[in-house]
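A.B. asks: Here the protein sequences come in this chain order: A and B.
The first sequence begins at 1 in the working numbering and counts up by one.
The second sequence begins at 1 in the working numbering and counts up by one.
Be careful, since some hints might not be right.
Claimed, not checked - Under 7 Å between C-beta atoms, here's a sample of chain B residues computed to sit facing chain A:
{"#": "1", "residue": "N132"}
{"#": "2", "residue": "D157"}
{"#": "3", "residue": "H159"}
{"#": "4", "residue": "A160"}
{"#": "5", "residue": "I166"}
{"#": "6", "residue": "D250"}
{"#": "7", "residue": "I255"}
Derived from the structure by calculation, the hints contain no laboratory data.
Cβ coordinates follow ideal geometry from the N, Cα and C atoms, glycine included.
2 protein chains.
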Amino acid sequence: MALEVVLGIDIGGTFTKIGLVDRSGEIHFEDEVPTTGYDTIEQYIEAIHQHVTDCLNQLEASFHMAGIGVGAPNGNYYTGCIENATNLAWKGTVEFVKLMENQFQIPTVVTNDANAAALGEMLFGGAKDLNNFLMITLGTGLGSGLVVNGDVIYGNDGHAGELGHIRASDNGRQCGCGKRGCLETYVSATGIKRTVFELLAEENVESDFRKIPFSKLKPKLITAMAESGDPIAIKAFERTGFLLGRSLADTVAHISPSKIFLFGGLAKAGKWIIDPAKKSMEAHLLPIYRNKIDIVPSALLKKNIAVLGAAALIWKKLDREDIAG
Amino acid sequence: MALEVVLGIDIGGTFTKIGLVDRSGEIHFEDEVPTTGYDTIEQYIEAIHQHVTDCLNQLEASFHMAGIGVGAPNGNYYTGCIENATNLAWKGTVEFVKLMENQFQIPTVVTNDANAAALGEMLFGGAKDLNNFLMITLGTGLGSGLVVNGDVIYGNDGHAGELGHIRASDNGRQCGCGKRGCLETYVSATGIKRTVFELLAEENVESDFRKIPFSKLKPKLITAMAESGDPIAIKAFERTGFLLGRSLADTVAHISPSKIFLFGGLAKAGKWIIDPAKKSMEAHLLPIYRNKIDIVPSALLKKNIAVLGAAALIWKKLDREDIAG
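From just these sequences and the hints, can you work out the full model?
C.D. replies: And the structure:
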């Protein structure tokens with residue numbers, strides 16, 4: 001008998017990751033296809049379809065593909081569209097779910113990547129028994145998925161949970177969104193790079209960072225430099241964690257989660273970012289919330305959470321429809 | 001046949017308002033009893049019980065009381081307790097629901113006053129068809145009720161929605177909670193008073209406010225002075241609205257509501273507070289949220305929203321239990 005799986009798809013600017021995921025979160029097959037280089041979006045979707053079909057034919061085991069979940073920048077759960085995603089080639093609003101369902105003829109759901117990550121954590125990671133938690137993804141920017149009463153919240157228009165653009169600092173750094181002081185200008189791979197250079201300007205201390213141009217600095221190096229005791233790297237993490245924790249305290253005052261998960265490249269820095277974030281969050285929390293909310297790395301940090309999250313999205317929908325009858 | 005009603009109770013520091021409310025939101029009887037002056041909380045509850053019983057006996061119509069909803073400072077929906085309410089005489093944690101059910105022998109639910117106001121708006125006011133909205137109550141402090149997917153959210157511990165204590169300003173005014181810069185130190189009856197005095201210090205302009213000591217200034221007077229063209233009053237509203245709007249933009253980035261309702265004394269100032277708040281919120285919103293979220297006064301501004309909200313709380317619970325079987 002064929003094993004029931006879903007197709008999880010994570011659309012990034014350069015590559016689209018795909019995986020066949022069963023109900024327990026096991027990935028039976030994963031691969032990637034380029035996101036760019038197609039004349040039309042239909043050709044891109046055809047390429048995914050061809051790739052998945054070829055792979056299914058080559059695999060020894062027999063699979064039944066029940067649905068498709070997609071995590072994409074600016075993916076809107078309600079409309080099934082990808083809306084004005086700045087790092088994708090398709091402009092304006094793309095009716096992605098409609099195009100996918102035409103091609104694959106199975107139920108498809110889309111959401112943004114951070115919401116997908118929250119769902120992945122809930123179904124397959126460290127949030128299996130949690131009804132109220134927060135997922136923060138630290139990549140080039142800062143994404144967030146808010147889980148309330150056991151559901152990712154989408155709000156009135158599908159756009160709830162854009163914590164990358166809450167005010168981290170009055171009259172702060174310029175953000176790509178047109179505003180100033182947004183959280184992701186401080187707390188993200190790009191944000192901590194900016195902080196390293198801010199510190200190089202402020203301080204006189206010796207640091208190997210003085211030999212590296214802005215355009216070449218990778219966040220991974222900042223962690224390595226902190227490990228080796230570089231004072232600028234350590235201070236950059238402290239400043240980043242301080243601002244993250246201060247903003248998290250405000251998010252707690254909104255939804256009162258039981259736990260906060262961090263995912264993404266910067267989350268791999270572990271204690272360097274988590275310790276100052278915790279300290280700052282506690283200092284900025286109302287007394288009623290203190291000493292009960294943990295900040296932890298995602299349990300899926302070493303796995304393909306984006307594909308697992310996209311798979312979780314469609315599993316959740318399929319299970320609901322089962323219950324509804 | 002007896003008309004089915006619930007008892008709505010709003011516990012304030014000085015008076016406890018009570019009302020018999022039917023399913024349509026009509027108040028058939030309302031009154032108040034003192035909150036203070038009892039040796040024990042049991043005596044206070046007995047006094048309410050006696051008062052309600054007497055009234056029911058005197059009323060001509062026949063009522064069947066199906067349940068009791070209570071809005072109270074620090075009322076916890078999950079535990080049924082009133083927890084460390086600073087402006088009530090009872091210290092520590094009071095098992096309010098248990099005590100009420102012992103006395104009245106009917107189902108009782110408690111929540112905080114702002115959550116009750118949100119429920120009142122949803123069942124009987126301007127939010128009847130809204131699944132995602134925000135209620136801000138502007139009294140001595142700032143309270144909030146967040147409605148997501150058609151439910152007031154309580155979070156992990158019953159304490160979700162404490163927007164009075166999000167950071168309105170870096171290193172700002174001292175707050176009663178022990179932190180600095182909390183939204184309610186700027187946006188509340190007390191907050192705008194502080195702003196009037198801040199402006200009197202900053203500016204040289206003539207103003208009748210110079211004749212009034214801090215302890216005597218009532219927020220109502222600030223509205224009256226704005227109406228009569230006093231420059232300090234107008235500027236105080238502008239500054240208050242600016243900070244309210246800026247913080248609301250961050251709340252929108254959390255839950256993406258379709259509408260924001262204002263309730264309480266300061267909400268009665270209408271355009272004086274709403275116009276600058278709208279302008280500031282729009283300026284601080286991410287583009288995807290702009291020009292679609294309205295800030296409006298509660299539709300129940302002239303009614304007893306606190307009692308209606310408490311009644312809505314228990315109606316919602318009774319209706320759910322009906323559905324559940």
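A.B. asks: The structure should be examined with respect to each hint, and the outcome stated for every one.
C.D. replies: To see whether the hints hold, each was checked on the structure:
1. Hint on B:N132 holds. Least Cβ distance to chain A is approximately 4 Å, under the 7 Å limit.
2. With its C-beta approaching chain A no nearer than about 6 Å, B:D157 sits inside the 7 Å limit, and its interface hint holds.
3. Because the beta carbon of B:H159 sits about 5 Å from the nearest beta carbon in chain A, less than 7 Å, this interface hint is met.
4. Because the closest C-beta pair between B:A160 and chain A is about 4 Å apart, less than 7 Å, the hint holds.
5. The interface hint given for B:I166 holds, since its Cβ lies 4 Å from the closest Cβ of chain A, which is under the 7 Å cut-off.
6. The restraint placing B:D250 at the interface with chain A holds, with a minimum CB-CB distance near 4 Å, inside the 7 Å limit.
7. For the restraint placing B:I255 at the interface with chain A, the shortest Cβ-Cβ distance is roughly 5 Å, inside the 7 Å limit, so the hint holds.
The structure is consistent with each of the numbered hints, conforming to all of them.
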